[in-house]
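Line by line, the protein sequences are chains A and B. Just so we're aligned: 140 in numbering that gives the first Met the number 0 is position 141 of the first sequence, and the numbers increase by one with no gaps anywhere. Just so we're aligned: 213 in numbering that gives the first Met the number 0 is position 214 of the second sequence, and the numbers increase by one with no gaps anywhere.
These are calculated hints, taken from the structure and not from any lab test. Mixed in with the good hints, there may be bad ones.
[To be verified] If you want the footprint, here are the derived chain B segments under chain A, 3+ residues with CB under 8 Å:
| hint | stretch |
| --- | --- |
| 1 | 67-79 |
| 2 | 82-94 |
[Claimed, not checked] Simulated restraints, written as ranges between beta carbons of each label pair:
| hint | chain 1 | residue 1 | chain 2 | residue 2 | range |
| --- | --- | --- | --- | --- | --- |
| 3 | B | Phe276 | A | Pro206 | 37 to 47 Å |
| 4 | B | Gln201 | A | Ala212 | 26 to 36 Å |
| 5 | A | Ala299 | B | Ile104 | 28 to 38 Å |
[To be verified] Within a straight-line C-alpha distance of at most 30 Å, the following computed DSBU-like cross-link-like pairs (lysine-lysine) qualify:
| hint | chain 1 | residue 1 | chain 2 | residue 2 |
| --- | --- | --- | --- | --- |
| 6 | A | Lys72 | B | Lys279 |
| 7 | A | Lys72 | A | Lys214 |
| 8 | A | Lys214 | B | Lys279 |
| 9 | B | Lys148 | A | Lys122 |
| 10 | A | Lys72 | A | Lys84 |
| 11 | A | Lys122 | A | Lys214 |
In this text, a Cβ means the ideal position worked out from N, Cα and C, and glycines have one as well.
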Amino acid sequence: MTAQTALLDKAPGFKHSRPVRDSASRSRRIKYTLTVLAFLLPSAIPLTLFVLGPMVAAAWVSLNQWNLLGPMKFVGFGNYIGLLKDPQTGAVFLHTVYYIVGYLPLVYFGGLALALALNTALKGRSLLRGIYFLPVITSWIVVALVWRWLLSPSNGIVNTVLAMVGIHGPGWWTDPTWSLPSIILASAWKDLGFVMVILLAGLQAIPTDLYDAAKVDGAGPWRRLISVTLPLLSPSTFFVIVISLVNGFQVFDQIYAMTGGGPNGSSESVVEQIYDFTFRYGRAGDASALSWMLFIVILAVTLIQIRGQKRWVTYG
Amino acid sequence: MVDAASGLRVPKRRTFRTPEARTRLILAIVLHVVIVAGALAMFFPFLWTLITSITPGANLTNTPALIPANPSLGAYGKLFADLPFAQVILNSLILATITTVAQLITASTAAYAFSRLPFRGQNVVFGIYLATMMIPLQVLIVPLFVELKNFGLLDTYVGALLPTLAIAFGIFLLRQAINQVPRELDEAATIDGAGHFRMFWQIILPNIRPALATLVIFSFMGSWNSFLWPLIVLRSPQLQTLPIALAGLQGQYISQWDVIMAGSVVSILPMLALYVFAQKYVIQGVASSGIK
């Protein structure tokens with residue numbers, strides 16, 4: 000048999016191929032397996048060695064008491080039980096969820112609006128895209144410094160402007176009630192450009208003839224957005240939401256730089272707690288156990304999204 | 000109305016009379032105002048960074064004015080005098096370039112496998128790939144450190160690079176992009192006798208150029224800004240990268256914001272240049288690939 004028909008037989012959708020001799024089919028299967036391996040191994044090897052390996056090691060550490068220097072002491076699930084009993088664990092998870100609930104709609108709808116606007120024939124759109132991307136490439140150390148200054152309770156710009164219209168501004172990051180909203184604001188501001196870039200790439204991949212066809216059918220701009228753009232953008236949207244949730248549950252940099260988890264632990268997130276366990280208190284076992292608890296939560300949330308994607312994500 | 004340049008009659012004026020056209024004009028104006036106002040809000044902190052960097056002696060009590068009284072580039076001079084800056088920037092460039100190339104290769108091949116090569120357990124393997132994003136780096140650092148110590152790779156570029164060769168973020172990004180490429184293209188190529196390697200190279204890669212350019216931006220940025228791992232694995236001063244050198248600066252010049260901000264401007268500009276360059280490819284899109 001020719002190479003060409005062999006390829007056809009392997010292609011999806013060609014399940015009912017002509018019966019072939021066993022040895023030929025076996026050699027074809029081997030060739031296909033080798034092809035899959037050739038495409039997968041470049042990523043599988045480094046991921047296994049340098050992420051999955053350390054993850055398994057962290058799972059082992061989570062069953063021990065360890066101060067990073069001395070010998071480990073096996074305690075079974077003791078760390079997990081201790082963490083579950085500690086009200087602080089619930090508090091840090093609550094703060095993290097609070098952050099996500101505030102952050103995700105802001106950054107997604109803001110980023111979508113921005114991508115749609117900057118995908119039109121706007122004058123100077125390259126420059127505008129560059130400006131909206133600036134906060135993404137700026138380090139959190141600088142962004143935190145600027146936002147702490149903008150949101151400074153006494154002489155910050157935001158409260159100065161609020162005072163002009165007769166509103167007495169809150170204490171922002173110095174006030175336990177407002178510390179997380181301050182972090183949410185700064186984070187959404189910083190990540191807007193990230194969502195914009197991902198969605199712009201998705202928008203660019205939509206074939207323009209579909210819009211022409213929709214126009215011929217008499218669809219207005221709103222209709223075209225709902226029936227052409229959003230469905231065809233759904234793979235990018237799915238990506239943005241999964242990634243934002245995965246990253247949102249691991250929120251750390253901005254909290255570390257803006258409030259350090261304070262005031263009074265009011266903005267302490269899960270990973271901030273993990274960081275403190277490891278590098279401040281030398282409680283590596285607790286840090287690993289909390290990491291694995293967080294991992295299970297993120298995994299569950301992601302699996303639910305993967306299950307649900309069939310309902311709304313359309314692929315080409 | 001007669002257009003002066005071309006001498007042709009253009010019915011432009013009249014179109015604004017219809018209510019629909021007028022609504023569209025108003026919407027366009029509102030859109031421009033909102034977008035530009037937003038851009039100013041986005042630009043402001045960067046502008047502030049720039050201004051602070053040329054305001055001598057700027058700090059918390061002496062906050063910079065919008066137009067500095069006596070601007071000076073002294074902070075940049077201090078930066079280059081106190082740090083082996085050329086070396087540090089070169090180190091960061093080398094690491095970021097290798098990371099970006101490696102991630103382009105590992106992510107595009109893996110994404111092709113997940114999108115176009117069905118195999119048993121594919122979803123489970125993809126799930127495991129995704130799972131590698133879900134554990135905080137802060138807890139992987141300790142086992143990773145021990146592992147590379149056993150390999151004798153501490154304080155080497157190889158040690159700094161190995162954990163960054165493949166990341167699930169890029170694989171997931173490109174898989175979504177490949178899933179968007181119409182399968183009719185594959186079938187046409189298959190009938191032409193193309194195998195998977197040719198299909199990958201000639202059909203898939205050209206069709207996901209916007210996503211590839213996006214990945215270049217994020218891979219480079221990830222490496223350029225990465226802090227915790229290089230800090231732990233690279234000890235020798237001559238191997239230091241930019242974020243670590245800048246962090247050292249912050250300890251040294253805690254109250255001298257001009258120096259800190261000058262350092263931050265230096266770290267932002269190369270990324271901005273790369274972004275502007277890569278955006279061209281994002282926007283070029285798939286125009287030349289045959290599906291329009």
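Inset, instruction - Identify every previously stated hint that the structure contradicts and give their numbers, smallest first. - result: 1, 2, 3, 6, 7, 9
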